[in-house]
Amino acid sequence: MEEREESTPNPEADATLLPQLVAILAARSRDENGRLAIGAPRRKLLEALRVGEEELDALLQNLAQRGSELGLDLREYRKAGDTWHCLTATYGGPLELDDISQGVLALLIHLVRKSGRRKIATQEEVREILLGREYLSEYQLQTILRRLDYLGYIRRGRGTIALDCRTTLEFDEAAQKEIAEQARALIL
Amino acid sequence: MADNARDDDEGVLGRLWEVAHKYQRELARGEVAPLSEAEDDRRKVSPLARKLRTTTERTLDGLAYRSLAEMQVRRDSRRLLSNVAPPLRLKRLGFELAVRAKPVVFLAGAGALAPRGLLASVRFEGEGEGENPLAELAAELDESERRVAFRDLDEAALERLRGDLKRRVVGRRFRRDQLARELSASEADLLSQLARRGEVTIIADREGNVEVAEGRAARGTVIAVAIQPRPGS
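Residue numbers (our numbering), protein chains in the order written: chain A, 1 to 188; chain B, 189 to 421.
Extracted from the complex, chain B is given alone in its bound form:
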């Protein structure tokens, strides 16, 4: 009688173990069990509820039902998802990611990411440049303007710089190396912008001379949109 009871116990434990682990395995692999198969397994587990005695059996019973329920949820969501357009599924996944994020905090705005203020200059003035430790470095950086720091430029200041540059170069003819010597890197950049906007035309002839003319080029003239003076040339 006792042996029968023990056999029965082992049978309960074995069947619960079998069902629970079958579904745990399938869940881990991302598989979906067919509804009919899952229903059969549920019917197998159901009558065992009255025979549960030990804590292990009760735990396994809970695990089996939980696995069955998780499989049901997966099956339902797969069926529902099959009607959702791919971009929407990607968006929904994006939402799942966003709610779990703890983003890094930084001060808003373009900040250090945007290259700006490249044309700005701060002049070193005041008592004795020779005493200023940065003066030598500044002279080395840019003889003509003594640029040592960057700052933002507003549109009005840019326009003024463009006007100054136009007054200096428009209507003149340069040899290429002469142009490179006369313009700083930022001025060359400005000249390039002016050419792109059609405010000046840069015409190069075959002898390597460059002429800067006012306004758009006549039809058929090649427009140079960028010039690149080599440092030290």
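With the rest of the complex left out, here is chain A:
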């Protein structure tokens, strides 16, 4: 009972702050580099809600409890030296990608996992598989990679592709392993 009181020190304040917190965490924006940012960094939450560290922790804990009843998970991730919070669905939901883009992302997950500690896929091997075996045309592949990059699933470097935090958020370790196995069976 005491614990409960600690986690919700002021139910009235929570009643007004929680809806605001949901709105903030369900937002997304682009950072100064044009990369998709999901949710909000902790620093900004403290500023926006005008609460202290402990109060924010209690508020987040309260949100996590209520969210789990509604099928929402409160997730935390690190980005640019700050802790970010966002909401994900507990039991799946619609993705922003079409079927083919999803297939390409699955293949990229497999290739990145296969690369071991380097955690990148080279554009050359992706092209070799998808263009060489006539899965896609060059134009289709580039369009899909651009879209995956735009939506925050991958990061394209010079000749390399790495998975971005959205992929890690949406597909946990077990899911990525299964996806990689499916990619190996279906594509390779």
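Everything labelled a hint here was simulated from the structure, so no lab data went into it. We treat Cβ as the ideally placed atom computed from N, Cα and C, and that holds for glycine. Be careful, since some hints might not be right.
Stated by the list, open to error - Rough simulated footprint, nothing fancy, chain B against chain A, three-plus residues with beta-carbon under 8 Å: (1) 17-28; (2) 46-58; (3) 81-88.
To be verified - A short, non-exhaustive set of chain A residues, derived as facing chain B with CB atoms under 10 Å: (4) D98; (5) G103; (6) Q182; (7) I187.
Dock chain B against chain A, hints included.
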């Protein structure tokens, strides 16, 4: 007699171990064993079922059969997949990914991703601009319009802004720097849109003067579709 029995035990264990691990290795490497080879191995393992005594042997027996079955599934699906067109295979892989996703939740709509409302303005009015902490900043941002916030514009409001702009600039001749001074960034953008739509024509002469005329340009005239006033010029 006891020695014979022990040898037999080791033989059972060894053969089961050999088969189970052979297929586990091949499964891990993504290889497919030929059907005849797998059938031979199954025949080797089959008679050992009556000799299983210890738990280890039974576990290994289970593992051997499971590996054989997994190999069979892989062989069948490879054979079936060879008839499936590549884009369909990619789509099927996409489905496998989608069913494992736990997507991030965000509010629907264009949201913060779409650059919109850039032309909108909120005027600061009311008691004493000097007292308003934002007034100075607003004046600095845009002297003429005091834009301080963005909001959505509907098509009617945009049309009105376009009309206002046309009334101001059409039929006049400007020096380039004069045009840059007279237009704000959003107005320059609007003028560019008008030129693109063919509602006005922007004609630049060799002395660097710019004339804005109504309607499409005559044949042979170069149409400028975008102008870019430099800030502070």
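Status of each hint after checking the structure:
Check on the region 17-28 of chain A: 4 of its residues sit with their Cβ under 8 Å from a Cβ of chain B, so the three-residue criterion for coverage holds. Counting residues of the region 46-58 of chain A whose beta-carbon sits less than 8 Å from any beta-carbon of chain B gives 0, not enough to reach three: the coverage restraint is violated. A stretch counts as covered by a chain when three or more of its residues have a beta carbon under 8 Å from one of that chain; for the region 81-88 of chain A and chain B the count is 3, and the coverage holds. The criterion of a C-beta within 10 Å of any C-beta in chain B is met by A/D98, whose closest approach is roughly 8 Å, and the hint holds.
Interface hint status for A/G103: upheld, as the beta-carbon distance to the closest one in chain B is roughly 4 Å, under 10 Å. A distance limit of 10 Å between C-beta atoms decides the matter here; for A/Q182 the minimum to chain B is near 4 Å, and the interface restraint holds. Interface restraint check: A/I187 against chain B, minimum CB-CB distance 6 Å, threshold 10 Å, status holds.
Of the numbered hints given earlier, the model fails hint 2 alone.
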